[in-house]
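Enquirer: Below, each chain spelled out in residue letters.
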Amino acid sequence: MPFNSFIFMLGFLPIALWVYFFVCKKSSGNLPNIILLLISLCFYTYTSWMCLLVLIVCAAGNYLFYLWFHLNKSRAQHKIALFMAVTFNVGILGYFKYSNFFIESFNLIFNTNLTINKILLPMGISFFIFQQITFIVDSYKNEIDNFSLIDFFLYSFFFPSISSGPILRYNEMLVQFSDIERKKINYTNMTAGLYLFSLGLAKKVLLAQVFANAVNTGYDDLSSLGTINALIITFAYTFQIYFDFSGYCDMALGIAKMFNIELPANFDSPYQSYTITEFWARWHITLTRFFTNYIYIPLGGSRKGEIRTYINILIIFFISGLWHGANITFIVWGCLHGVAMVITRIFKKQIDNWHPAFKWTVTFSFISFAWIYFRARTLAEAHTIIDRLLRFQFDDINIFIADAFNITEIQFIFDLFHFSLLDICPYLMMILFFLFAFYNVLCTKNNMKIMKEFIPSSKTSIITAIILLWSLVSLTGINTFIYFSF
Amino acid sequence: MNEKRYLFLTLKIVLTGILLISILVIYLDPFFHYHKPLASFSYDIENQSYQNPGIVRHFDYDSLICGSSMVELLLPSEFKSILDLQVVKVPYSGGTSKNMNIIVSQAFEHHSDIKNAFWGLDLYALKSDKESLKMDLPEYLYDESYLSDVSYLLNKEVLLKQIPHLLDNSVEKATDFDTAYNWSIEYKNKYSKNSVLSQLNMPLVAERNEIIPANLDGNVVANIQENILPLVSQHPDTKFVFFIPPYSILYWYSDLFSGTFRNSVANMEYAVTELLKYDNVEVFFFPSMIENTSNLYQYMDLMHYSPRIASQIVDCFSTKKYQITAANKDETFQKFIVTTESFDYGVYSSDFVVCQAKEDFSEYLQSLQSKRYIVCLLVNRDLGKLHESEIELLKKNNCLINDYESDKYLIQVIDNCQTVYAESSADPLSKTISYDGLEISFASASTKTSASIMIDSVEYCPEGKLLNLVVYDKELQRVIDSSGLRDDTRLLMKY
Chain A
-12 MPFNSFIFML GFLPIALWVY FFVCKKSSGN LPNIILLLIS LCFYTYTSWM
38 CLLVLIVCAA GNYLFYLWFH LNKSRAQHKI ALFMAVTFNV GILGYFKYSN
88 FFIESFNLIF NTNLTINKIL LPMGISFFIF QQITFIVDSY KNEIDNFSLI
138 DFFLYSFFFP SISSGPILRY NEMLVQFSDI ERKKINYTNM TAGLYLFSLG
188 LAKKVLLAQV FANAVNTGYD DLSSLGTINA LIITFAYTFQ IYFDFSGYCD
238 MALGIAKMFN IELPANFDSP YQSYTITEFW ARWHITLTRF FTNYIYIPLG
288 GSRKGEIRTY INILIIFFIS GLWHGANITF IVWGCLHGVA MVITRIFKKQ
338 IDNWHPAFKW TVTFSFISFA WIYFRARTLA EAHTIIDRLL RFQFDDINIF
388 IADAFNITEI QFIFDLFHFS LLDICPYLMM ILFFLFAFYN VLCTKNNMKI
438 MKEFIPSSKT SIITAIILLW SLVSLTGINT FIYFSF
Chain B
142 MNEKRYLFLT LKIVLTGILL ISILVIYLDP FFHYHKPLAS FSYDIENQSY
192 QNPGIVRHFD YDSLICGSSM VELLLPSEFK SILDLQVVKV PYSGGTSKNM
242 NIIVSQAFEH HSDIKNAFWG LDLYALKSDK ESLKMDLPEY LYDESYLSDV
292 SYLLNKEVLL KQIPHLLDNS VEKATDFDTA YNWSIEYKNK YSKNSVLSQL
342 NMPLVAERNE IIPANLDGNV VANIQENILP LVSQHPDTKF VFFIPPYSIL
392 YWYSDLFSGT FRNSVANMEY AVTELLKYDN VEVFFFPSMI ENTSNLYQYM
442 DLMHYSPRIA SQIVDCFSTK KYQITAANKD ETFQKFIVTT ESFDYGVYSS
492 DFVVCQAKED FSEYLQSLQS KRYIVCLLVN RDLGKLHESE IELLKKNNCL
542 INDYESDKYL IQVIDNCQTV YAESSADPLS KTISYDGLEI SFASASTKTS
592 ASIMIDSVEY CPEGKLLNLV VYDKELQRVI DSSGLRDDTR LLMKY
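From first to last, the protein sequence lines are chains A and B.
The numbering of the first sequence is the working numbering, which starts it at -12 and goes up by one.
The numbering of the second sequence is the working numbering, which starts it at 142 and goes up by one.
Derived from the structure by calculation, the hints contain no laboratory data.
Just so you know, these numbers come straight off a predicted model, no measurement behind them.
Incorrect hints may have been included.
If you only want the chain A side, here are some residues facing chain B, beta carbon under 10 Å, derived [stated by the list, open to error]:
{"hint": "1", "residue": "S211"}
{"hint": "2", "residue": "I400"}
{"hint": "3", "residue": "P443"}
{"hint": "4", "residue": "I449"}
{"hint": "5", "residue": "T451"}
{"hint": "6", "residue": "L456"}
{"hint": "7", "residue": "W457"}
Partial selection, computed: residues in chain A whose CB lies under 7 Å from chain B [stated by the list, open to error]:
{"hint": "8", "residue": "Y174"}
{"hint": "9", "residue": "E265"}
{"hint": "10", "residue": "S448"}
{"hint": "11", "residue": "L455"}
{"hint": "12", "residue": "L459"}
Built from N, CA and C at the ideal position, the CB exists for glycine as well.
Please work from the sequences and hints to get the whole structure.
Expert: Right, dumping it as structure tokens:
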């Protein structure tokens, strides 16, 4: 069930809040957490109960591994258990997410004809498995405080974070799940959560979707693109992915806050970064935290010499690419970032001396360039875009790409006041959208900071209501069907 | 302001907004989801996937028409006047059999007393997968759940596009159901031989591919058995009138060329045989309308026919012409095969000059000098003036009466290079004459929206120009060429 759906916003969320706080008010002990767990399971069941079953089996398996750590004091046995647990989790992820990718690659390399099976892909499995691995590794390190089976399952299935993160650590959640003070309805958290939710919703529905429409239009007809249009869809995707993912995370944080749970922030104005290293400290922060603590450091981090450090960085980004999707394009994307990280590390002194504007331009351009591999469905598609970018054929702006920015509400306003600006300059809205996007990512505070400084007032109330209403009516569109396309 | 007040104020505004928007959408209801059109507004019916379910639910009707774009020109008013039926039209352009099954089933759910279901049977639709749809349908308009209606009620496209458009339309004129999904006005200038030939990606006279043996397509069987016949058998009191549309003969030529013609016929024959097993079924086979299907000036591409043919189809439902029955089925298909396979498709290869330069005009006029041709000529002063050089050229080639003055309207019929009828005037002319068994109607711009030359009620000048020439071949008994002189480029434009 996506957060940006009617069923969630008008049905599930209000009912879940009411039920949860009603139970909190009427009872104590474990019941509120059990209810929150049931709410989370209902949330996931809406997508697929079969997938839920897969994740429950996975979580149950990890619970058994925890028991093994807990009941067995032998260090050697712990190591075996850790190995088995990580293999178990990676195996599940590999089977459900990567089987067909590996079979396809095998067929391609060895010219075989192995059958590709239809395998269900549980929503959020990549996040879920990484989170389970953090639990297992923390258990192995004996860092789990006060284990509770209900809290463990709640931590695993907590609905605001199960589909797209953030990737949580058990301890940071347990403290909150067991805090009695958090079981009372807190209007400060409720208002801040609602405000953050509405800002995230707006990012996703009102901004990301518009950029997505333009990007899809461009990618649907790559062969006709010239340099200008290739540039437009490249930067449009840079904004689409940021507004989409960070918007979703803002919504998750906002929902959790309404339940008095603080989730760690995942984004910190990443496009303001001056280097790739800084970018990864600001983009998908909990994923970077996972890679650093659970892979990079165990591999030796930077403690085993420069060369080994570079290799470790490359390994991390290779895994990161693969984790993002079962496609060679994601691996290339990850490797590009790995190489950029290594280069940044080698030439750190020189780069530090560059002018900040130059540093930012190089970093932002590289990030946007790498996103091409992230968005393209195949390497050939990515290379077509790059080819178009490098041809320096300065064509006219594709009217269909520009039209994706001429959103219904703007056309309505222009029609209402008989403005013919769009006839004079059909690219006006596209320019305004890009200007706003640049301004938003570079010059304004991010939503986390805005929320921290949030003071309830009539003005913010009206703004929140308008954003919510506007986003609500933007959830469903009409496929305009030009009849006679027989 | 404290947090509690903020929270309640926000929710109050949101809920009030939702309520007001919902009331507005329910009241105006551009997709007829809750009620039929309000009398005080003129609704545009042009969004099939979104409006069809509302039409079958809430409109008053006793019969319906479904099918692809092939049924879009059928006029409900003609069904009323000819058959005395109150019909609604619910087509899906390029729709599949599943599309039709869904909408007809919905119609029966809300109108169990449907007298007639007119169903255009397209071969491509029968061959489509039995579960496939032309495009994803908006489920919230098709299901019975009130909860899903939220996607309709809170929808900015409805709120900011459909409703303002509807409010702009609020005139005395009521909703016109004849214009529903009707593209005839938009494409009125497109019916011409050139338009059809431009769609044919193969030579007209050429070696044909090897004939593919007639095989029954599994999808055809599945669609007939699962998407069509269950509806027929479940509603014995409804007469199902299936009809195979009159595609142009060149559509079948493309099948012949690729070797699939016999296969297509076998599949159509299977469909017809299965349908005719039911007492409440009538089937019409309009590819037999050879006099229409072979006249490319009545088509805008290989399949889409003109409003004139659409009217004839409705007539046939009344007169039962082209009806196919168990008794005449074999003969009808055999005749269709023979006619299609033996037709001389070379008649569409024009030997006339393609006029790409001004000099070609002279050569073109010279090519008209044949005793085989009847040339109908119309000069329309409203659309420009003939130059002296052009007048000279026309006169030199016996295509213009000697006393023609450049500021006059003119209609003229030339047979065997001799003028057999001519009339010129300072006023616009509108005249119908009978000549050599042909009924030729001329009209100049002031009497019609543009110049027009019609022979036996078929328009041959879709885009009337200042000078229009229609060439009728007496041997082939058909119009073989039509062209108009453009005022701006002074070039002859071929229709």
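Enquirer: Honestly, which of those hints from before does the structure not fit?
Expert: Hints 1 and 9 contradicted; others consistent.
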